[in-house]
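Colleague: Residue strings, one per chain:
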Amino acid sequence: MITLTRRLVGSRSDLAALLVLAAVLLVVMPLTLDIFRLNLVGKYLTYAFVAVGLVLCWGYGGILSLGQGIFFGLGGYCMAMFLKLEASDPVTTAIQSTPGIPDFMDWNQLTELPWFWVPFESFAFTLFAILAVPTLFAFLIGVAMFKRRVTGVYFAIITQSVAAILTILIIGQQGLTGGVNGITDLRTLLGWDIRSDGAKYLLYFLNAALLLACIVAGRYILSGKVGKLLLALKDKEDRVRFSGYDVSNFKIFVFCVAALFSAIGGAMFTLQVGFMSPSFVGIVPSIEMVIFAAVGGRVSLIGAVYGTLLVNYGKTAFSESFPELWLFLMGALFIGVVMAFPDGLAGLIRSERLRRVFGRPPLAAVTRTGALAARDPAPPAASASADAALPHAPTGTDR
Amino acid sequence: MFEGYTASEIGAIFAMQGFAGLSLFCVFLLMALGLAIIFGQMQVINMAHGEFLTIGAYSTYLMSVVAEKHAPWLMDYYFFLAIALGFVVAFAIGWLVEFSLIRFLYKRPLDTLLATWGLSLIMQQGFRSMFGAREVSPTLPEWLLGSWQLSDTIEIPINGLLVVGVTAVLTLAVFFLLFRSRWGLKVRATTQNRVMAEAAGINTARVDRNTFALGCGIAGVAGAVFTTIASTGPTSGSLYIVDTFLVVVFGGAASLFGTIASAFSIAQAQSILEFFINGSMAKVITLAIVIGILMLRPEGLFASRVRK
Amino acid sequence: MRRHIHLRWLALAAALALAGGATAADYPTAEVNTTGLAVTDDAVTVGILHSVTGTMAISESGSVEAEKLAIKQINDMGGVLGRKIEIIQEDGASDWPTFAEKARKLLVNDKVAAVMGCWTSASRKAVLPVFEKENGMLYYPTFYEGLEQSKNVIYTGQEATQQILAGLDWVAKEKGAKTFYLIGSDYIWPRTSNKIARKHIENVLGGKVVGEEYYPLGHTNFGSLINKIKLKKPDVIYSIVVGGSNVSWYKQLKAAGITSDKWTLLTISVTEDELLGIGGENAEGFYAAMKYFQSLDNENNKKFVAAFKEMWGDDSVIGDVTQAAYLGPWLWKLAVEKAGSFDIDKIAVASNGIEFTGAPEGYVRIHDSNHHLWSKTRIGRIKKDGQFDVIYESDLVEPNPFPEGYQ
Amino acid sequence: MTASSNTDFLLAIENLSVSFDGFKAVNDVTAYVDYNELRVVIGPNGAGKTTLLDLICGKTAASDGSIRFKNREITRLPEHRIVREGIGRKFQTPSIYENLSVYENLEVSYPAARGVFGALFFHVDETIDARIREIAESIFLGDCLDLEAGLLSHGQKQWLEIGMLLIQDPELLMLDEPVAGMSVKEREQTAELLKRICRDRAVIVIEHDMEFVERIANRVTVLHQGQVLAEGPMSEIKSNEKVIEVYLGH
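Chains as they are written, first to last, in this note's numbering: chain A, 1 to 399; chain B, 1001 to 1308; chain C, 2001 to 2407; chain D, 3001 to 3250.
Bound-form chain A, shown alone (with noise of 0.2 Å):
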């Protein structure tokens, strides 16, 4: 039991950790804004699942999805659908041909509900869907993929074309899908005004306190055996696969899990704004989601949420008085973490929680790279040719 607790939370100062970013999110944040701007940091709260996804993927599996956007949609698709089902009962609906579907199908002559629409009227396999079918879609791309030993650059740019892929689906099967304006107007979840002040405060509520439950959860796999693992498969991937391990199911693992984190987030997304729309399932914004776990500092899971919500708050301030400085700003933030911060916020802040959990920091090695392309950019040909500098190159090779 101690011991669980321990993997829960941590040593005491990762439980303060989490106990600040639970009283910023669930006190300091509803105390201080109003009911607009606590909606619009729900909004950031939602992609925040993303990021913490990807400190388990990317940070610790090594796995960089450029298609995280890919669970986020669906997972958000899947409570749309069933919103959209609430929302077009046969009385409002009355004025359409076929009354009783949602507005967009009948504009596009659909007489009767897709099959795959009819289980989303029941809000139990909604739940249910919303987790399993990102997930189910992870596994099937992981198996693929890893079992193949696709990795490293091939894999995120597949993953980036599965969202291409997805979304000219999703926006050429308007009459299915909703197409480009996605589902919109969306308003009852099991006859409850979700866009009332009242609600939102809830949504908000509910929003922060999975994302706590998500960050234990990760904490919980990251310091066992697996999160020992997925460094050790960093490290060198080989030597855990000659050590009798299936290295493919653990990053399948690891990639699922993540998956089902964006899921959620893409959930509670749709319950908090309304809607869904394709534009969340491409390449910008999954890329973007990747800036946000590098910001907050790609092996913490709770400087990935602090990271997002950095990240949207100067998107917000700087594209209302600087619009034309934003992409500076924010390609200038892509360049600068990955050059001089690879660790991010939660590398500024030396991390003693980590520490205290494995002994050291755990990611010494990306730091130490890491600081020496910072600190050091005077010789190139040092850099360049970092090979020599590794302890087994001396010995030449063998056949």
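Read the hints as simulated data drawn from the structure, not as lab findings. It should be emphasised that the depicted structure is a prediction, and the values quoted were computed from it without experimental measurement. Wrong hints could be hidden among the right ones.
What the hints assert, rightly or not - List time: in silico EDC-like cross-link candidates among lysine to aspartate or glutamate, alpha-carbon distance up to 20 Å:
1. K2338(C) <-> E2355(C)
2. K2133(C) <-> D89(A)
3. K1107(B) <-> D235(A)
4. K2383(C) <-> E1142(B)
5. K2105(C) <-> D185(A)
6. K2151(C) <-> D103(A)
7. K2302(C) <-> E2281(C)
8. K1069(B) <-> D2385(C)
9. K2133(C) <-> D34(A)
10. K2383(C) <-> E1198(B)
11. K3059(D) <-> D235(A)
12. K2111(C) <-> D34(A)
13. K2232(C) <-> E1009(B)
Given chain A, work out where chains B, C and D should sit, using these hints.
Modeller: Same frame as chain A, now just chains B, C and D:
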């Protein structure tokens, strides 16, 4: 779909469709060539590749404005100068980017991907600040715009011919540069064994920089040529990225031949599918096929089999 | 030059002041604003909500400029009910939730009396529930697919049937067109529009659709499509290609020998704005069906174009949507004056049947019940310099966002 | 796949070949390794030694031929399955997890909870802890359990990797140049370690250092250009004309 047509009509359509496939292949190859060199040589995926294409496009636009205003007699030929300018400008900016950014990230390919994405945002906003948010249209020489009437029914687009021609010349040039020149020898030596190359007195840092800049310069040429078939605007380059990456990844790293074959197969698949089914679905199916094949051959079509 | 313009404005101001002739004193704030909008004794606040950043910024900048011009002109004439219009501008950033979020900010935090904004259907769909819930008033400028009508939106652009039917009728009559090839970018507006076009061609004109195709947004290679067109030899190529694809599409058409001397192409997606990127020489002689062209020859338009260039520079071009955006503030002003109140509910009712004679496109009138505009549809022939020759003008067409038999 | 007879050997390699783009790195190799044998593979650079190990442990797929372990065909098994059959492989360069501690390196290598969900709920109990400490002692790292592995000396890293294999208690251990880059003292310790190790298991060692080979080997296989040139006790090999010509001579 061919009922009610004469044999010669069908023949003409097939001929033109063959050419459409060929020019799409050349477009893909032009897009991907620069990226393939960079990816093959240094395992860097340059997400700002599209913006280097845009540099070439804006160079053409600038040249056309200058020619129109100051040297109308040049209007017929300025396009070749524009191609050269596109190369020079993109090469120079590529050189700077390598010097100030890429060289610190060679050991971290995924980070390069993010950093160059940031670079692409900055470049896009740069274009917007310099040339305005709206698309511009370089005035192209009259001879480039029309088509070449081969027979009564067969018309071949001249800009298509230009794309094919430039692609052929550029590919040959790259081939000779990489496989028949001293510099190419250095490049290949560096790729294969950096330490040994350094020991042999090759300045590998300089090789890297020039290779990266060359890749960008080729993108500049491609961008200049694309003004004849596509738009010139701050985000024009980003229209190509997904296709470009897929071509390169599909071809496999470190293989010029792989890139060519990959561009060819993707272009043919897409061109034929587009002819027989709807455009959007053709795109989806093409992408899906490519991804499917990549699952079977994760290292790309033509990665050579070596001891890992 | 500058003095000239001022004189014109003064003249316009005088003319309209006679019609309106209001001062703030005649309309106490407590009476004209019963719902707590941002209206004071001497000012009223409206919102402008367009994308200033992101991919849509290219298209939406013209609308922002037109709306600001209209508001400036209204202020120069003494404002609305004697109150100066103040602007709060928000950036939708080409991102639909941002639109929804900024719309809510404008309505809830800023309490603006009206919002001029949105461009794409997706952004309008995103803000619509906000406007309906918070009871705001949106003036939406873009021609669009129809299938929508709201108490809280005035649609100042044409809905699909207005733009499509008159154009098809014209091409069928003038060119004797019987076969059509429908092409569009793959999203809701082109698909819905082509659906209407197909019904009209098949059921009314007795023609035949020989092909209908959609390509993803941003698609740049049309070689195969062009060959299919050559194979089918349609009398008319009906094009609704948009955005970056547009330029590729016309350049490749021209290069493949599909030019206006041998082929007829009719589009509803090319305005003067698009021609900047396409290059007039690449689409010369093709036809566009719009309600407005910059080259329209009437007094209103001449003044409008001159004022626009005065404010935003001689290089400015004005497309259909830009003109429609210009109508927004004026129609709102007229509605407020008719209602004698800024209250949204009253404006929504008062808007029905409002006539605006000062529109650059000529006379327009808001429909008696559906919040869309009666407007004429014109056919323009693309010229090399990126402008249009207006060669046909229909009668006023009734807006019909839910056209029977076309769905 | 070549049909092959049952054998009493631990490892039976028969007619094994692999080619890379036409180049035959291993060409028709047949060799047998007995239970508890310590076999040394020698050969000049490029002879195919490392590739042979790669083939056995599944890192490289064979073009032709068969590998059987305890009479079970393992030629097409994935790597982790081969490991679970009881074959451990140490790489030429020390392959350890630099950013985990020595203890964690051994913990992660402990052959339990190898599935995802097993690993998710895994924790180190007393037996495992004792085992980790025992192995650490045997590889001379009993005092450095909490040290970050990246900080170990080159020789210590080699030992750690051997330890990570030992904790899995494999029946066949394959070591690729285990003493490369070691000091004289470390070599002696390693030789002693190897002798201890092969009491309970078979070991295949690739080594260049002839002196070291003589100290440990039962039998020696000489590879040359992907083929077996000679095989036998070290004393025989030393006097083999062909071997002297291609390898020992220079």
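Colleague: Now tell me if each hint is right for this structure.
Modeller: Now the hints, each set against the structure:
no. : hint                  : result
1   : K2338(C) <-> E2355(C) : 11 Å, holds
2   : K2133(C) <-> D89(A)   : 19 Å, holds
3   : K1107(B) <-> D235(A)  : 13 Å, holds
4   : K2383(C) <-> E1142(B) : 16 Å, holds
5   : K2105(C) <-> D185(A)  : 18 Å, holds
6   : K2151(C) <-> D103(A)  : 18 Å, holds
7   : K2302(C) <-> E2281(C) : 25 Å, violated
8   : K1069(B) <-> D2385(C) : 16 Å, holds
9   : K2133(C) <-> D34(A)   : 18 Å, holds
10  : K2383(C) <-> E1198(B) : 61 Å, violated
11  : K3059(D) <-> D235(A)  : 18 Å, holds
12  : K2111(C) <-> D34(A)   : 15 Å, holds
13  : K2232(C) <-> E1009(B) : 11 Å, holds
Going through the hint list in order, the structure does not satisfy hints 7 and 10.
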